[in-house]
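> Sequence:
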Amino acid sequence: MRNALFYLGAVIVSTIIGFLVFDYFFDASFSQISNNNVQVVSRNLSGQFYTHITFALSIGSIPILYLILTKMTNLFTIKHRLSAFGIIIGSGILLWQLRVYQLNSPSQKLSRLNISNEIKMQLDYEQLYFGIFLFVGFLLGTVLSILIFRNRNKTLEE
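Each residue of the sequence shown is one higher than the last, beginning at 0 in numbering that gives the first Met the number 0.
These aren't lab readings, by the way, just hints derived from the structure by calculation.
It should be emphasised that the depicted structure is a prediction, and the values quoted were computed from it without experimental measurement.
DEER-style ranges, computed between Cβ atoms:
1. Val39 to Tyr6: 32 to 40 Å
2. Asn103 to Arg1: 42 to 50 Å
3. Phe24 to Ser104: 14 to 22 Å
4. Gln121 to Ala9: 34 to 42 Å
5. Leu139 to Ile16: 19 to 27 Å
6. Met71 to Ala27: 26 to 34 Å
7. Val39 to Lys70: 34 to 42 Å
Ideal Cβ placement from N, Cα and C applies to all residues, glycine included.
Please put together the full structure from these sequences, using the hints given.
Below, the structure is given as structure tokens:
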């Protein structure tokens, strides 16, 4: 019961942190895309809310994914636990950066053309999907960690 309360508290705290950090996350993401020919537009207010909540819930899912990882594998040492946590976080960041690169490619092609600054590429706020890519990266990192540490433990036992 105590362990369940710990993870519930961790989910709540990390979700709150996700809400608080979203603006910095979005600014960092957009600054990697940003050039003079790109602007983010929002067609409705609910899209901004869904983007915000998606990011917060993806950050809030990290303790649950880590719990699944520890239940499916036997992580004995702190080194194994930290490396598994690092794989989860690292793969989330990797997929997020892949999305930034994917959005950045057309804007770089547009900036290579000799056009005036009046022509701008518009990115819809709802279709940036930074939070979803981050969450899918966390899921892939969890699966990868399970595969790595489950196979490693089986080879040690044989």
